[in-house]
Structure formats: structure tokens, C-alpha cells
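A.B. asks: Sequence:
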Amino acid sequence: MTSMHGSDTGSTAVEAAHAGHAHAAGAPGTPATPSTPTASMPAPATRDPRLPRLREVPAFLEYMATGWDAPDRTPPVEAGVAAASAAHRARLSAALPGRAIVVAAGRAPVRANDTNYDFRPDSDFFWLSGCSAEDAVVLMTPAGTGHDATLFVPAPAYPGNPDFFANAAHGELWVGSAPDAGDWAAALEIDVRPLDRLADAIGRADDVLLTGTLNSGHPALAALRRSTELGRVLAELRMIKDDWEVEELRRAVDATVQGFRSVIGELPNAIEFGGERWLQGTFDRHARTFGNGPGYSTIVGSAEHAPTLHWVRCDGPVKPDELLLLDMGVENRTYYTADVTRTFPASGTFSAAQREVHDLVERSHRAGLAAVSPGRPFSDFHTASMEVIAHGLADWGLLPVSVDEALSPEGQHHRRYLVCGIGHHLGLDVHDCAQSSYEAYQGNVMTPGMVLTVEPGLYFHAFDTTVPPELRGVGVRLEDDILVTTGGSEVLSAALPIDATGIEQWMRAR
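Taking the UniProt record's numbering, I'd label the letters of the sequence shown as residues 1 to 510.
One should not assume that every hint holds.
[Said to hold, decoys possible] Ranges between beta-carbon positions, derived for each pair:
| id | residue 1 | residue 2 | range |
| --- | --- | --- | --- |
| 1 | Pro76 | Gly375 | 36 to 46 angstroms |
| 2 | Ala87 | Asp315 | 25 to 35 angstroms |
| 3 | Gly160 | Pro76 | 55 to 65 angstroms |
| 4 | Gly488 | Ala223 | 41 to 51 angstroms |
| 5 | Arg73 | Gly375 | 40 to 50 angstroms |
| 6 | Tyr438 | Gly80 | 12 to 22 angstroms |
Derived from the structure by calculation, the hints contain no laboratory data.
Note that the Cβ used here is the ideal one computed from N, Cα and C, for glycine as well.
Using the sequences and the hints, build the whole thing.
C.D. replies: Written as C-alpha cells, this is what we have:
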């Protein structure tokens with residue numbers, strides 16, 4: 001990776017590399033000949049070893065300011081984004097009349113030293129703006145019976161501005177073609193202004209509510225306090241997906257199903273030499289190719305790693321006679337993500353013990369899916385799945401108390417083997433709408449437009465002495481993405497089988 005150091009304070013690694021070719025002369029392919037020092041080139045013994053600071057070299061500045069054609073600066077905006085984000089702003093405006101609203105996109109977090117993770121805009125910000133520009137901010141100010149919306153974006157550095165070549169965050173020579181305010185305005189059909197005008201705009205507003213990813217250090221944002229009210233309202237609005245959002249989630253799920261096919265196709269290589277990480281890399285490459293990337297850290301757990309709920313280390317082998325748990329989701333280019341889990345026999349065939357566990361989880365899963373319906377309490381699918389799990393564990397003699405005692409709030413003994421919940425909302429975030437109130441989330445009823453996961457499992461850890469030896473190290477999870485409809489529900493990920501026989505057949509067909 002090219003060093004970003006020295007862009008403003010001294011010479012860069014790029015300049016140093018170019019300096020190594022500074023003595024080449026003549027036509028291309030002509031060998032360079034030694035030259036003697038001249039008045040304009042001090043002898044090596046007296047030459048300052050530091051490379052010139054390019055910002056301070058007038059001839060270089062003049063030369064760099066001209067001779068550039070304008071690249072294509074069309075912003076990366078997917079079809080339907082502008083209309084969808086405008087509709088989302090209208091919903092927020094109706095929910096918070098008369099309140100000024102500020103939502104920040106944030107910036108890429110630091111990975112280590114001077115390297116960052118890839119930038120991904122704050123979900124609330126994108127839902128309202130459709131913009132993917134780092135450090136951008138959307139401001140909604142009361143106007144009449146609604147709000148006027150303005151998007152503020154950092155000014156890119158074009159030829160003629162020294163930052164063009166010296167600013168690693170905004171210079172086009174560093175980051176590639178960069179849309180300006182006018183480009184974003186044309187693409188998103190919203191008023192767009194340079195970020196340096198944000199402070200004045202906020203200063204003219206009263207009763208300002210702030211949320212978003214607040215790591216940019218912008219003084220105008222630092223002067224405000226985060227509003228839990230705004231975060232809650234946005235989360236609860238995002239809970240009901242519109243038609244455009246549902247289609248985006250369908251696309252994410254469809255791409256994820258294809259990703260499962262790619263991963264299972266690489267299973268022989270993973271068993272032979274690549275291990276869990278080979279499969280993780282296979283899916284992540286697929287997600288990056290057909291979407292923005294994985295929507296969360298891809299989980300690939302073989303054998304005794306399968307019971308670990310968030311096994312993202314993926315540093316073990318794939319054992320041919322053991323189970324393989326895959327929890328994966330493509331985040332598409334509008335940042336909506338899928339979240340799907342299946343558990344496969346790495347050999348292609350479940351053993352008797354593996355199938356018995358998988359069958360119990362499947363029964364629990366089907367009970368949960370059947371409980372997803374409009375008007376029913378959100379907790380119904382959780383309760384339905386847990387009841388099946390508790391009865392199954394009791395049949396195996398794994399509960400120290402009765403089923404009723406285990407299922408009671410004072411018991412919960414069955415949860416030893418399933419400490420997580422059965423599902424959650426899904427959307428721009430894999431665990432969507434997390435800032436909602438209890439009444440709007442767990443205490444709510446299911447409503448058409450909600451997209452949920454149902455994901456029961458059983459996790460018998462290798463070091464758990466309460467289970468028989470043949471079950472230790474067995475972990476099974478089934479997870480589907482479900483749309484609540486007016487007439488019931490639709491399993492968006494139904495292209496992947498959930499029964500053991502169907503999974504075996506699906507694997508053979510790959």
C-alpha cells in the first residue's frame with residue numbers, strides 16, 4: 001500500500017519512488033547515461049537528502065494544475081435510491097414535526113496506524129440520503145408543515161488545488177474520481193452543499209436532534225449531543241420496509257444463496273488444505289463481487305467450532321466426518337444484508353447422531369416459521385421454537401427438571417444449549433432496529449413489511465459434560481429470512497433446504 005505520510009509535511013513514498021527514475025533521459029527505451037553535476041543539480045555530497053515538499057515547489061504546482069481531462073464523476077447511486085430516501089425523509093418529517101434533524105455518515109474507522117477499514121456509511125444516514133460519501137451529513141430543517149433537506153459533502157480536490165495530489169483523503173490522485181456537490185445533487189435529487197457550510201446551517205436551526213456515526217471530529221457535530229430520541233424514532237421507522245427495501249433484501253438473499261453454492265463447491269479444497277478460512281474467503285470474495293461485501297463477519301465453524309455462536313476466527317481445519325455450520329450474508333450495494341445459516345455434513349451425509357440433532361432443530365425451526373404472521377406477538381416465534389427444543393431435550397434426558405419448569409421464567413434450563421434468541425429484525429443492519437423501544441420491538445406485534453430472521457439451534461460444546469460423548473462438539477443452526485405479509489409470511493431464503501435429506505441432496509447437486 002502506498003504510504004500516505006508526508007503529503008502535507010514532506011515528501012511521500014510515491015515521490016521517493018518517482019525520484020528513483022529522475023535521471024532517466026532521452027526517448028523511451030534509451031539507456032540513461034551518467035551526467036555530471038550542474039549548477040541546478042548539486043553534487044551528491046552537498047545535496048539535501050530530503051525530497052522537496054511538493055506543495056512548496058512553484059514549478060511543480062504550475063505543472064500539476066494543467067493538462068487534466070475531467071474523469072467520469074457520476075456518484076455510485078443504485079436505481080431507486082433517490083426516490084426511496086426521499087420517501088424515508090418524509091416519514092421521519094411526519095414523525096418529528098418542527099424538530100431540526102442532523103444525521104452523520106461518519107468516516108472509516110482506523111484499523112492500525114495510518115490504515116483504515118473500508119468506509120461504510122451509517123445506516124440511518126444512508127436510509128435518509130442514499131449517499132455513500134465519507135464525512136457527509138444530512139440536515140433536515142423545519143419548513144411549513146414538513147422539512148427541507150440538505151446534504152453536506154466534503155469538497156473533493158481537483159487539479160489546481162494542491163490537495164489534488166497531497167491529500168490522501170480527498171485528492172483525486174489518491175482516491176479516484178470524486179463527485180462534487182453538483183454531481184450528488186443530480187444523482188440524489190436533493191439540495192447538496194459543501195461540508196464547510198454545515199456549521200452555519202446548524203447554527204441557524206433550533207432544537208437540533210443529532211444521531212449517526214459521530215467519529216469525524218467535525219466541530220459543528222462535536223458541539224451537539226447525540227439524541228437517543230432520534231435514534232429510537234429512526235429505528236422504529238426502519239422496522240417496516242417499503243416495497244423498494246423488500247426488493248433490495250430479496251437481492252441480498254438471492255446473492256447469499258448463490259454464495260452458499262460457491263462455498264460448498266470449495267468444500268473438497270477446504271478439507272484437503274484450506275480449512276475454515278478457505279471457505280470464509282470464498283464467501284467473502286463472492287459477497288464483494290456481487291454486493292458491497294459480507295454484511296457481517298462470516299461464520300464458518302467445523303466440528304467443535306460449530307457450537308461457538310460467533311466463530312469468526314475461522315482458523316481451524318474442515319474435518320470431513322464432522323458438521324460444518326455456515327452463517328453468511330451478502331450486503332448488497334445499497335447496504336441491505338441477508339443473514340442465512342445452514343449446517344452441513346462435510347462428508348455429504350449426516351451420521352445418525354448428527355441427523356438426530358439436526359431433525360430436532362428443524363422441527364423447532366418449522367414451529368418458529370409457522371408462528372410468523374401479522375398481528376401475532378413478536379415473541380411468538382421465539383416461544384414456539386423454544387418449546388420444541390425443550391421437549392426434545394427432555395426426551396433425550398438432558399433436562400434436570402420438567403419441561404414446564406425449564407420453560408418457566410425461573411428455570412430456562414434448556415437455554416444452556418441455546419443461550420441466544422431465536423431471531424431479530426433484518427435490513428440495513430444485520431441486527432436491524434436495535435435502538436427501538438421494548439414496546440416497538442419485543443413487545444410489539446408482527447406487521448406486514450417487517451423482515452425477520454428465525455434461527456433456532458442446539459450447541460453442544462466439546463467441553464460440556466452434561467451431554468453424552470457422541471453429542472459433544474455438535475452444533476446445528478438453521479436460519480432463514482422471512483417477510484411478514486398481509487396474509488402470513490414469505491421465506492425469502494427458501495431456495496436452501498432445511499431438512500437433512502434435502503441438504504444432502506442439495507450438496508450432491510453442487
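A.B. asks: Next step is simple, just say for each hint if it's right about the structure.
C.D. replies: How the hints compare with the structure:
1. Pro76 - Gly375: 36 to 46 angstroms: About 40 angstroms separates the Cβ atoms of proline 76 and glycine 375, which means 36 to 46 angstroms holds.
2. Ala87 - Asp315: 25 to 35 angstroms: violated (44 angstroms)
3. Gly160 - Pro76: 55 to 65 angstroms: This hint is violated: roughly 25 angstroms between Cβ atoms.
4. Gly488 - Ala223: 41 to 51 angstroms: Given range 41 to 51 angstroms: holds, Cβ gap about 49 angstroms.
5. Arg73 - Gly375: 40 to 50 angstroms: holds (49 angstroms)
6. Tyr438 - Gly80: 12 to 22 angstroms: violated (33 angstroms)
The structure does not agree with the numbered hints 2, 3, 6 stated previously, though it agrees with the rest.
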